[in-house]
Amino acid sequence: MSQDPQATEEYSKTAASPYKWEMVVDLDRCSGCEACVVACHAENNIRISGEEEAAEGRAINWIRIERYWEGDYPNVKAKFLPVMCQHCDDAPCEPVCPVYASYHTPEGLNAQVYNRCIGVRYCGNNCPYVARQFNWFDPHWDEPLAEQLNPDVSVRSGGVMEKCTFCVQRIRSGKEAAHKEGRRVRDGEITPACVQSCPTSALIFGDRNDPDSRVSHLKKSRRGFHLMESLGTHPAVTYLRRLSE
Amino acid sequence: MNLYRRTLLKILGLTAAGSSLPGCEREVHNLVPYLLPDDNIVPGVANWYTSTCQECEAGCGTIVRVMEGRAKKIEGNPKHPVNEGKLCARGQAALQGLYNPDRLQGPLRREGKRGQGQFRPITWEEGLAEWVEQLRTHAGKSAMITRPVSGTLASLLTTLMDSLSGRLVMYESTGEQTLRTANHLSFGTHDLPYYDLANADYLLSFGAPFLEHWLSPVSFGVAYGKFRQGRPLVRGRFIQVEPRLSLTASNADQWIPLRPGTEGLLAIGIGQVLLRDGLTELSSFHRTSFHQTFSAFSLEDISTKTEVSEEMITQLAHELTSANAPLILGGGPAAAQTNGTTTLILINALNVMIGAIGRRGGLQWMEPQISPVDLARPGLASELTLMDLAGEFEQGSRTLLHLYRADPLFTLPPSLKFERVFDHAQFIVSFSSFLDDSTSMADLILPDHDPLESWGDVVQQDTIPVPAWSVSQPVVRALYDTRPIGDVWLDAAHRLGEPLRERVPWNTLHDMLKSRWQTVLTKHDSPQSFETRWRETLQEGGLWPSNIPMRQTNTVIPSITYKPPEFLGNSSEYPLYCYPYPSLGLHDGRGANRPWLQELPDPLTTGMWGSWIELNPTTAKALGIHPGDRVRVTSGYGSIEASVMVFPGLHPDMIAIPMGQGHRAYGRYAKGRGVNPMVLLGPSFDGQSGSLATGGTRVRVERIKGGSRLPMLEESGKNPVIGRIQETGGL
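Taken in order, these protein sequences are the chains called A and B. Numbering (the working numbering) for the first sequence: 1144 to 1388. Numbering (the working numbering) for the second sequence: 19 to 749.
Keep in mind that the hints are not guaranteed to be accurate.
As the list claims (entries may be wrong) - Computed cross-link-like contacts, EDC-like style, restricted to lysine to aspartate or glutamate with a CA-CA straight-line distance of at most 20 Å:
1) A:K1318 x A:D1355
2) B:K90 x A:D1285
3) B:K97 x A:D1285
Unchecked claim - Reference listing, derived: stretches of chain A covered by chain B, where coverage requires no fewer than 3 residues with Cβ under 8 Å from a Cβ of chain B:
4) 1170 to 1177
5) 1229 to 1241
6) 1356 to 1364
Honestly, the hints are just simulated from the structure, not real lab data. All C-beta atoms, glycine included, are put in the ideal place defined by N, C-alpha and C.
Same shape as in the complex, but just chain B:
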């Protein structure tokens, strides 16, 4: 084709015209759309809108760059107290959720058998009518499994499920239920403290993956930078204890591997030295119980069982007391055992012994504040709560299932037989934006807007120094024929009539949100009108009151009896511990449909676009396995096959596998890629918190035929500086 300059300009003109039409309209109707331009759209000029990231539960404030009606880039909101202008890889990739090619574009009705994945498009009216009919039929028997939601949407769903005598279950596979339970038992409050890392000068972490996905990773990242280099004369020292060298552990000054599940025992050892050497002053409340707890084992015994030397235990205790502001964290693999809660309570006891409670650079709680939305939302559900829900479906006391941004069929081990919920549910409605493993089983799909197209708010009152009440606003017009879940529920409530209509009189979630914020924003007799204050709040991204006083916390740590961890599978048949860990990019699997995250090299193995099994070099050698070999990992519950990455930072008796791959559905980038390590796990729980003990199953590994080529950054010739480190004097 001969392309002349004039033709090219014509084509370019048409393309520009096409892209400037509102919404998802693709046809070119008008050659000169900017003749009467939208006030907010100036070609070539970017608008920035504040919003709140909803990729995890941390609630980072964001600003979104929008040009010609398209969202281009998400960045951290510099004024937001959680993330101070920073944002993680997953937050940045939220754009690929909005513009994902596999997003559901409108309501769908199942055709054929359940699970065949055949759906036909229907209208919203048809969908809503059918759903409301089902709500009437299954009155008092509905249940909803959702990812944790916050703010106005949480209170709407709570109110509605309450009125419908339904059961609302908020579930997050990395919801840190163990930590919440341990803290409740230790400090008598359900609020998690603010761990003041930035002002600590010594950090001992029992596996807490705070630089990866733990609680509020960006907030911890910001604090970590300050901890290391933010003060002119102080550089914080950091020790990480865990069986696998995680990304967080790689940053430590010293990594101390130990036998999986013995973290609590090590804590007892350290506490024992503190008491023995008179390095701690305890209140009379704790003196007796702590002496009892911490003298239950001899140091020699502890050293043998944990594989940490007595000298090291003593050294850790002495380092803790010689620091000015030491802090101790526990999580990750330490919490993923059958004794997780006990371990974390022991770690809390150590924090009490070093005086970290309520101290700068320690654990702090703020006075509770009256927030725009009431916080009476249900606590996060543990896996045992989900088992209880499954029982209700089996008995027939629940028959109607709702799903929202939760994929229990993927995130739960098949050994828990959670598919029985789907087998017994008479009708399944999903509000998810993607056909994930669970939504594929739905009868009716009423897809939600993307968070970047929706109104919402996030109320964050723990793990940060000041409360953050953040607002999400739509930054782009909805791309497809989807509807916000809040509006859909309000619509259904109105169709169901009184008394529901009276309890939720609003037509849209936006109305409800504004009416709730009105009470807070007009509280202080401000001369400005609500509309002005509301606009300001939207510009700022939310509201964060300062000068919040600290709350006095009573430590109520009971006398603790250490329990050794229990593992499913005997050690002769299944010699290795298995630890599936949330992947940095894909997390528990929700990031698997975003190509940026699939192509993001894992920082330690540099693997991308797949799954692998990590083995200690000595173990691999003993088993005759070489890097890249294909192996089968078998437990008493299932088996998976993948290629081996030899991983120098791993306990020899352990294998580690990243989570997040092995979807049976979830779009073109995720479907059928890699393996899901949850297949291996048996029904092993931490009894106190009801959490699944993801590290509680034993496995064996055997080499099988074939090899597979996993893309790795390291093997693509892009690690050129290696071998020259000496020259530069080390990193």
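Chain A extracted, bound-state conformation:
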């Protein structure tokens, strides 16, 4: 830890007010280009399912772009909605897990402990956002594709549930770097892979407990809403409505 008294004081605040991670999705910026989807695959060792399994609905995407048609030709609109794990504060997936594989971290992440998971899929059933995906088989990479695998993220085997982690490995290393310098994580210092790649900057990530962070400001926007708000899941992902006349 640094000897700088100011930094030490700043750091001591950390313990008192932990981080609370939040993502904001600005639908007025999102163009549906799917850069986030491939970025997520590359970062998180998401396996390639192949045509057959994809046709069975078993392709795994931690983030996906949903598309909604509205109206009929010629007054038709297509709208895009990026959906990832909403990291709900009252997550429906957590109480149903018989082995506590699905649990809530103090920083508001909805974590999945792969080596506890026994694959009963109750959590997937209970997730209204279909954010949780089951590994129906062991992953396979044709050699040498596996050379690309990120050593910071474990590869999930068959029979295990998986889902978006907000790139917890990046959060970890960001926090470690800050810790070494005896300070809090700066706003914008940690970016999950999807946020990092997004060309239009539609995705913003940060600490909800920091009143000056971009997410804290943006989530107060009048355009803000949560997916399926009425379910009371209190997601950590806030969407900003797309504007239209």
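Since chain A is already given, all that's left is putting chain B on it; use the hints.
Relative to chain A, chain B alone:
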């Protein structure tokens, strides 16, 4: 097997040891390789190297995360002026080119008949000797078809082909030749302007797919974010006019469908209203010619032909003039017709009328700069140029063909009979990394390094606000027995002796690159040595001078006569227009060997791992076709079969098909998957630019037996939020 903790640790130790050995060595020679570690390799610590993305021609700056000698992740270079730290799906997937299981691992010689696809591995010495022999035999008769290359490699290839009296053809199926020609005819310069979307407040786009693949999609993506939400009080308004609701059009505030090929007519309508209502001030140069051009049709006539109402045309004109910084773009389907160039010139004329030339939030050109590499590279070739090349092969004035990262047998319609080049070529050398449709026909394959293993540079001086001279450096050691194309050419040049050796004295492309950068980096009497400056440049990813003054542009738009689009096939036999569009992930097909891109759902249909035919719901109903039915699409030139996706955002008289599938080769992920819509297209060209009119062929659709299950994200139960949109108050 009983696995004890100690055994497991032993196995893990061995695996770790194996993976840390340099290059592609797989055997475990040493249990403790980190006893004397490579200085740059610290286990568990990532190194980041700057490079330049070469998946398309935009030249985005990248940083590559490398751990233990393996490339793990590609991200945008935050300091790079093109992409400002962002990167698209295709750029991210470049890693699957490097680690592709179907990469060619060393030089190959054909066995058996040409096209049988049988090759035997040879040594580099054998390969080079044979190739140099062929260069001697076919002196003055060689040609090279390459994807557009930039920087040092471009100048090397230009110099060499020039010395060999060969012909260098840089071809890209989405090279926007129509736009380049139209802009040259409008503004008298070959440089494309910087379209300042970020500072515009109103955008009218005639089909330009700028959020998909047009010119520099990531740069446009960054600008689009700013255009919508980057300014506290201004939100840009965006209208897209095109017959198919593309990904870009889905983002528009309003999508206006029109009859295919009539975009130019609509531009005339808008211009007419601008002139009629006195909404534009024109220079004396344009006054007469514009009045002539824009009064050639009555508004009523235009409305009937375009299917856009008179009120809408008037409204668009008035919106353009009430905006502070309006901008008009044209491309995509508007450029893919026989009248593409005329249409785009008319759109340029509209930009002149709304005062967008040289304005903030409009079209800008910068003063040309002296760059590390001279820009004297040949312009991009159009399809008609390729036809001309084919003629030379037929006449026997060209006999030796070189291919580099170009797959004309796949990207060109068979109706152009480009295989005659391959039939007449006496010898074919390919430098490609994959056995694609064209490289399968080669006699000799001398595979190039992957871009992530090579030195290179990209010089970008148009479509961006400041020039970007970016460097690519090898981020990993070469995996296989491949050699960089630049080095191979230099080797051959030296073997051929004088005068070639004198013109390219360098041994490697790296030497050549450094010597060229030396002149620029030491130009400013900098106290630092070249080596220091060079290292800094590599760390930054390149050089981008700021404060470049804007260039004054003279608009030289001629008086234009609108020509209606022409279509091959009569409307009674072939009632539907056909529009093949580049797929978001696979592009023109080059992404088809990357599983991440194959499994990337198409954003509008959510289809993956295959091809489909898009039909308007009303048209499908009239033809008795249901979603998922298998259909045959027939034109006067060929037919394809695929399943139907009913697509609400499509002109009823049109079908659309994504490009990129239907490879006959190109590795396990691409081969034999889906259909190639180019099969349907006839030899229809935009005469002025020589570009293939990809929207210029008519087809008919009939239902056939059987159905096929195309994987779709939408049908996999993963669209759960649907039906609850009202609850959230809309998206």
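Taking a Cβ-Cβ distance under 8 Å as contact, does the region 1170 to 1177 of chain A have three or more residues in contact with chain B? Answer holds; 7 residues pass the 8 Å Cβ test.
Taken at face value, is the distance from the CA of A:D1355 to the CA of A:K1318 at most 20 Å? Holds, at about 18 Å.
Coverage of the region 1356 to 1364 of chain A by chain B, judged on three or more residues with CB within 8 Å: Our answer is that it is violated, as 0 residues pass the Cβ test (under 8 Å) against chain B, missing three.
Next pair to validate is B:K90 with A:D1285; report whether the Cα-Cα distance is within 20 Å. Satisfied, since the Cα-Cα distance of roughly 16 Å is no more than 20 Å.
With a Cβ-Cβ cutoff of 8 Å, does the region 1229 to 1241 of chain A contain at least three residues near chain B? violated (count 0)
Are the Cα atoms of B:K97 and A:D1285 separated by 20 Å or less? violated (35 Å)
The earlier numbered hints that this structure contradicts are 3, 5 and 6.
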